[in-house]
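Line by line, the protein sequences are chains H and A. The numbering of the first sequence is this note's numbering, which starts it at 5 and goes up by one. The numbering of the second sequence is this note's numbering, which starts it at 165 and goes up by one.
Take the hints with a grain of salt, since some may be wrong.
Straight-line C-alpha distance at most 30 Å; calculated DSBU-like pairs for lysine-lysine [unchecked claim]:
hint, chain 1, residue 1, chain 2, residue 2
1, H, Lys112, A, Lys240
2, H, Lys199, A, Lys177
3, A, Lys177, A, Lys240
4, A, Lys215, H, Lys173
5, H, Lys199, H, Lys112
6, H, Lys173, H, Lys199
7, H, Lys12, H, Lys112
8, A, Lys424, A, Lys240
9, H, Lys173, A, Lys424
10, H, Lys16, A, Lys215
11, A, Lys424, A, Lys215
12, A, Lys304, H, Lys112
13, A, Lys240, A, Lys375
Residues from chain H shown here face chain A by an in silico Cβ test under 10 Å; the list is partial [what the hints assert, rightly or not]:
hint, residue
14, Lys16
15, Thr99
16, Pro133
17, Leu236
The hints are simulated quantities; they were obtained by calculation from the structure and are not laboratory data. Positions of the beta carbon are idealized from the N, C-alpha and C atoms, including for glycine.
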Amino acid sequence: MKTYSYRKWLMKIMAYIPLLFFAAVFLVPFLWLISTSFKSLEDPLFTIPIEFLPRNPTLDNFRHALGLLRFWPSTFNSFLFSAVTVVLTVFLCSTAGYPLARMDFTGKNVVFGLFLSNLMIPFHVIMVPLYLMVLRLGINDSYLGLILPMAFQSFGIYLMRQSFASIPKELEEAARIDGCGDFRIWGTIFMPLVKPSLTALSIIVFVWQWNNFIWPLITLRSRELFPLQLMLIGLTSGMFSANWRYVCAAATLSMMPLLIFFMVFQRYFLEGGTAGALKG
Amino acid sequence: MSERRKRLSETLKAYAFLAPSALFWLVFFFIPVIWLIQYSFYDFQFTTASKFIGTGYYARLFRDGVFQRALLNTFKYAIIQVPSVVLISFILANLINQTVRGITLFRLIYYIPVVTSMVIVGTTWRWMYQTDGLLNAMLKSMGLSGVAWLTNPRAALPSVAGVGVWKSAGYFMMLYFAGLQSIPNELFEAAVIDGANWFQRIIHITIPQVKRFTVMIVLLAFIEALQVFSTVMVMTEGGPGGATDVVSFFVYRQAFQFLKFGYANAAAMILLVVTALASVVYFYVVLGRGQSEDL
Numbered sequence: 005m006k007t008y009s010y011r012k013w014l015m016k017i018m019a020y021i022p023l024l025f026f027a028a029v030f031l032v033p034f035l036w037l038i039s040t041s042f043k044s045l046e047d048p049l050f051t052i053p054i055e056f057l058p059r060n061p062t063l064d065n066f067r068h069a070l071g072l073l074r075f076w077p078s079t080f081n082s083f084l085f086s087a088v089t090v091v092l093t094v095f096l097c098s099t100a101g102y103p104l105a106r107m108d109f110t111g112k113n114v115v116f117g118l119f120l121s122n123l124m125i126p127f128h129v130i131m132v133p134l135y136l137m138v139l140r141l142g143i144n145d146s147y148l149g150l151i152l153p154m155a156f157q158s159f160g161i162y163l164m165r166q167s168f169a170s171i172p173k174e175l176e177e178a179a180r181i182d183g184c185g186d187f188r189i190w191g192t193i194f195m196p197l198v199k200p201s202l203t204a205l206s207i208i209v210f211v212w213q214w215n216n217f218i219w220p221l222i223t224l225r226s227r228e229l230f231p232l233q234l235m236l237i238g239l240t241s242g243m244f245s246a247n248w249r250y251v252c253a254a255a256t257l258s259m260m261p262l263l264i265f266f267m268v269f270q271r272y273f274l275e276g277g278t279a280g281a282l283k284g
Numbered sequence: 165m166s167e168r169r170k171r172l173s174e175t176l177k178a179y180a181f182l183a184p185s186a187l188f189w190l191v192f193f194f195i196p197v198i199w200l201i202q203y204s205f206y207d208f209q210f211t212t213a214s215k216f217i218g219t220g221y222y223a224r225l226f227r228d229g230v231f232q233r234a235l236l237n238t239f240k241y242a243i244i245q246v247p248s249v250v251l252i253s254f255i256l257a258n259l260i261n262q263t264v265r266g267i268t269l270f271r272l273i274y275y276i277p278v279v280t281s282m283v284i285v286g287t288t289w290r291w292m293y294q295t296d297g298l299l300n301a302m303l304k305s306m307g308l309s310g311v312a313w314l315t316n317p318r319a320a321l322p323s324v325a326g327v328g329v330w331k332s333a334g335y336f337m338m339l340y341f342a343g344l345q346s347i348p349n350e351l352f353e354a355a356v357i358d359g360a361n362w363f364q365r366i367i368h369i370t371i372p373q374v375k376r377f378t379v380m381i382v383l384l385a386f387i388e389a390l391q392v393f394s395t396v397m398v399m400t401e402g403g404p405g406g407a408t409d410v411v412s413f414f415v416y417r418q419a420f421q422f423l424k425f426g427y428a429n430a431a432a433m434i435l436l437v438v439t440a441l442a443s444v445v446y447f448y449v450v451l452g453r454g455q456s457e458d459l
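With the rest of the complex left out, here is chain H (with noise of 0.2 Å):
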């Protein structure tokens, strides 16, 4: 008996060592440029064997950092940026999400197929157009440009449209029998119901446009409209990367906003049906 429990606890430890294994893999690369970023100009950065821990940890790359990010104002525009686009994305897709749901008419199955035919184009593939599109509208290095475009989501309209579709129909009778129309039932009994999916939209929408650099990287040209990524971006392939304690630093920095957000919404990015659903 006691051999077994012994056996059984040897399993249990057993266990974590591929979990730890691949937490490593997974961690030691961000830990090596968080260490990099406290190293002070004496400390060497390339040593055998691996020095973690910083000689003489100094806050001097962090100061440098803040200025070539321009990391307040840069992070204020990637907040707004991000912040405009799920405002206006929940919008479009629990408007459009509803009638594709809820309503019988003609043509719906032509719209809802041609708002889905956005999935079959990838993003490179009408990233040219879409540039000459916002000269066109003459939106090109601002935030209508950066905002409008990004603001249809295919897959955000399927979602709204498979929660309206969940909510039982006594809820709609009872408030047509109270003589409410379409857009009362909408906005006052469904889009109360359908919260989950609207939270779980607005996370993935903000995350994903606060990552994104390559539409940002075609349409801004002004400084002062650059998000966090575009300055990180110029910071490493510019002049500047010789310093790698500067930009392991700024790197650092960038990292924590989104990082926190993570923590904090944890549970909508690794829970049920909206699992995975976010594509970094």
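Chain H is fixed; fit chain A onto it per the hints.
Same frame as chain H, now just chain A:
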């Protein structure tokens, strides 16, 4: 008659709801798609289409050695990335499907690269891949010689693909995890009673049971790999010597560095056709093996 009028008013109301989305779809998707096709046949003066030139760009693309190399690199990238990411995400999903203390923390850790921006991931790995960086220091401490990860033309593409695997493994892990959770527990219990060991359970229960997830994951990973852009953009910008130049990066450079919008559109069209063809062939192969009832 009143039935028809009711239908008409319902249709009008529905389109009122759909109007905002329809407008965005039209302006920022449909018209650009038309332009994509149309402008691949036009010569450009700066950003304005000026002259119809027929299939000139397509003919030129097929003679363009740089484009051919980019196309070849894209396929190489996919061949390295897809099997690796599918295998690793399957392993990870099985690991996080255990019921041990603290498993949520491991799920969280494996997912961090997915939510981290490619700019940060790319910077992190450029630092890992330095000549004297952490990776080479580890190799040297094991008595092996270092690798010029991003500067050796033969190592660069696999190195970049490795970062792609590292970043998206957690994403596909969660898809596989959903698949694993859909397997009825009785199957495993019965197998344990029959004396099947862990390895046999994986081969005979898990893999067949998640087959339709594998079909989907392979397709998603493959499409993603054919579109590869940000890893290359952030880490190598196509170098060294074009060794990591891929089609979407070719499109980007033609349009936004050389202002050759027509040529870029033609290359994007080829990327679209290749992606669509690959998906169709893939489904044809999968369905052709008589697995359609699983889908």
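query = Failing hints, ascending?
reply = 1, 3, 4, 7, 9, 10, 12
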